[in-house]
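Order-wise, the sequence lines are chains P and H. Taking numbering that gives the first Met the number 0, the leading residue of the first sequence gets 0, the next gets one more, and so forth. Taking numbering that gives the first Met the number 0, the leading residue of the second sequence gets 0, the next gets one more, and so forth.
Warning: the hint list may mix true and false statements.
[Claimed, not checked] With a Cα cut of at most 30 Å, we get these calculated DSSO-like pairs of lysine-lysine:
1. K281/H x K232/P
2. K84/H x K53/H
3. K160/P x K14/H
[Stated by the list, open to error] Label pairs and their in silico Cβ distance ranges:
4. K209/P x G214/H: 46 to 54 Å
5. T28/P x G11/H: 49 to 57 Å
6. G54/P x E87/H: 42 to 50 Å
7. T146/P x E291/H: 51 to 59 Å
8. T168/H x Q31/P: 54 to 62 Å
9. K288/H x G54/P: 48 to 56 Å
10. D164/H x T146/P: 48 to 56 Å
11. V199/P x K84/H: 31 to 39 Å
12. D21/P x R163/H: 28 to 36 Å
13. Q31/P x E175/H: 48 to 56 Å
14. F183/H x M0/P: 22 to 30 Å
None of these hints come from the bench; they were simulated from the model. These numbers were taken from a predicted model, which means no experiment stands behind them. Positions of the beta carbon are idealized from the N, C-alpha and C atoms, including for glycine.
Residue-level listing of the chains:
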Amino acid sequence: MKILVCISNVPDTTSKITFSNDNTIFNTTGVQFIVNPYDEIALSKAIALTEGGKGSITVINVGEATTEPTIRKALATGADNAVRVNAFPRDSWFVAKQIAHFADGKDFDLILLGRESIDYNGNQVASLVGELLNIPSISIAKKIDITENTAIVEREIEGGKEIINVSLPIIVGTAEGVAEPRIPNMRGIMSARTKPLEVVEPIDVPLLVKVVQYEIPPSRGAVTLVDASSPEKLVELLHTQARVI
Amino acid sequence: MSVLVFVENIEGKFKKSAFEVVSYAKTIANTLNQKLTAISIGDVSDTALESLGKYGANKILNVNSEKLKSFINQAYASIITQAAKQEEATIIVLSNSFSGKGLAPRIAAKMEAGLADGAVGLPEINENNFRIKKTAFSGKAFALTELTSVIKVIALNPNSFELRDEITTPEITTFEADLHSQDFNTIVKEIVRTTDKISLPDAEIVVSGGRGLKGPENWGIIEDLANALGAATACSKPVSDAGWRPHEEHVGQTGIAVSPNLYIAIGISGAIQHLAGVSSSKTIVVINKDPEAPFFKVADYGIVGDAFEIVPKITSAIKALKES
Ligand SMILES: Cc1cc2nc3c(=O)[nH]c(=O)nc-3n(C[C@H](O)[C@H](O)[C@H](O)COP(=O)(O)OP(=O)(O)OC[C@H]3O[C@@H](n4cnc5c(N)ncnc54)[C@H](O)[C@@H]3O)c2cc1C
Ligand SMILES: Nc1ncnc2c1ncn2[C@@H]1O[C@H](COP(=O)(O)O)[C@@H](O)[C@H]1O
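Chain P on its own, in the form it takes in the complex (with noise of 0.2 Å):
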């Protein structure tokens, strides 16, 4: 089987996030990244459904040299192969396209990329991809299963789960509980090193969308401190103060 993982290079989860020029900029100074969560799952997915032999694993990334250690991890944690798209990944649109275009004929049975990012939450690269390649795909799923031709897979619903029933190649974004998480071993390091690192240039994608500015959601006010000892109290703030209940 031959798939193909997408991976994007994220700020660390504990970074507290800033901007700069008049909130126009996402501020990197200090920050830490890595391989988006979600795609780890994605990856940790592909090594499972490959191990033994039974098919290669390509990641690609759209982003600038400076993502190379991201791919370089998921390298060491068991991917053959990697290409890096040398561009700013503009908006999901932009990194769509790039991974459609790389994609087109090379005849991967699966793509595979996480849920969302956790820094645009596009939730759109699966869909946009799986349009413009015209396979099918599924945004966020739950449990992946194949067998030959055929994959069975679990996409989250609102209040329960739908098992869908689908024939590959497909894409699929994958969220918790698809794959152990797995992690880079002494071996896998070293080998990361000399594994191939292809780079490519991107191709020209028409500006649909545009971040005019950011914003940081405004603090809330000092919290009410209701004493342990008259939690009713509480119930009636939240009656006739708050109006939430």
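Fit chain H with the ligands to the supplied structure of chain P, relying on the hints for placement.
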């Protein structure tokens, strides 16, 4: 020109998020002096369709087909795109629900449209630009996004727009879309619903428990409180990682992002990753025995104390309030 809104049904019924998108799309249509067309796919009764008139739908395209009763992403995207062309719609609105998240990008790609996913408010529209606020960095920020394309797709976050009544008598017509076998590549084998529970993303009240509850056997107090309030239950990540609760209840940066009217956090410390997914809740209540717990810094109301003693008392007080 018109505004098109896709209204998602669940087993033939519209939920609040469906009315929210209609009301939201109507407000945009009014601003632009355009008509609002709604499209529904699946097996929905006329009475249910007519209820969309309460929020201003002028016209309803009904795609009634046994084959389309469950969500088939590619087919739905084709239908909505064709409807948008017929209606000369330049703005397409849908809910950022689980299905909507899969659908919106496919429609956008078909139409070369810019997409605002996770929109949290009305667009600012003027002659030269169309801007909309959406969530970014997992709830740690918002991004004011400009859609520069001619056609625009908006996926509205549930619970982020207040319904506005605007009574219309919509004209209901059947819509026939041109579909191909490749639109039906996915087959829905089974739908499993936990009917006794309120779904988390669109719940108005959420009661959430963390590691402070010590173990799954203690979740009764959380469930009792949720039942008394008609709330959905949620949990922190370590709780679902430990298998105390199912993964779909985990909220936060790597779980579900929620923005209910009321979020009650019990025995949760308030780590940055947890806060990211819940900080846009309108009112936050924290119950924690540690006065230094970071969650208190972002709470509206709090009680410092033992959850096992406090929560049952709150539940009784709520029951008493509901009875009075
Ligand atoms: C990459 C990454 C992603 C993450 N994503 C998420 C996420 O999406 N969501 C998430 O929740 N976490 C996430 N986390 C984990 C997060 O960092 C915290 O570890 C987690 O939120 C802590 O959960 P908790 O508050 O339940 O447990 P703890 O931090 O252990 O807090 C338990 C709290 O309970 C209180 N307590 C104890 N006993 C009682 C009692 N009897 N009555 C009242 N209070 C009591 C304690 O004072 C304490 O504050 C992520 C971590 C990483 C590294
Ligand atoms: N710059 C990128 N390069 C490669 N893959 C990406 C990139 N950005 C996003 N993705 C993938 O697309 C998924 C969804 O991203 P998004 O649509 O931004 O939420 C992520 O989890 C990644 O798997």
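Now the hints, each set against the structure:
Restraint check: the Cα-Cα separation between K281/H and K232/P comes to about 20 Å, which is no more than 30 Å; the hinted pair holds. Pair hint K84/H plus K53/H holds up; C-alpha atoms about 25 Å apart against a cutoff of 30 Å. Between K160/P and K14/H the alpha-carbon distance is near 17 Å, which keeps this suggested pair within the 30 Å criterion. Between K209/P and G214/H the C-beta distance comes to about 49 Å, which sits within the given range of 46 to 54 Å.
Look at T28/P against G11/H: about 53 Å separates their beta carbons, and that is inside 49 to 57 Å. Distance hint check: the CB atoms of G54/P and E87/H are about 47 Å apart, consistent with the given range 42 to 50 Å. Judged by the Cβ atoms, the range 51 to 59 Å given for T146/P and E291/H holds: they are separated by roughly 52 Å. With their beta carbons about 58 Å apart, T168/H and Q31/P fall inside the hinted range of 54 to 62 Å.
Between K288/H and G54/P the Cβ separation comes to about 51 Å, which falls inside the hinted range of 48 to 56 Å. The given range of 48 to 56 Å is respected by D164/H and T146/P, whose C-beta atoms sit roughly 52 Å from each other. At about 35 Å, the CB distance of V199/P to K84/H agrees with the hint of 31 to 39 Å. Restraint check, D21/P to R163/H: a C-beta distance of roughly 33 Å satisfies the suggested window 28 to 36 Å.
Checked against the given bound of 48 to 56 Å, the beta carbons of Q31/P and E175/H, roughly 54 Å apart, stay inside it. Here the CB-CB span from F183/H to M0/P is close to 24 Å, well matched to the stated 22 to 30 Å.
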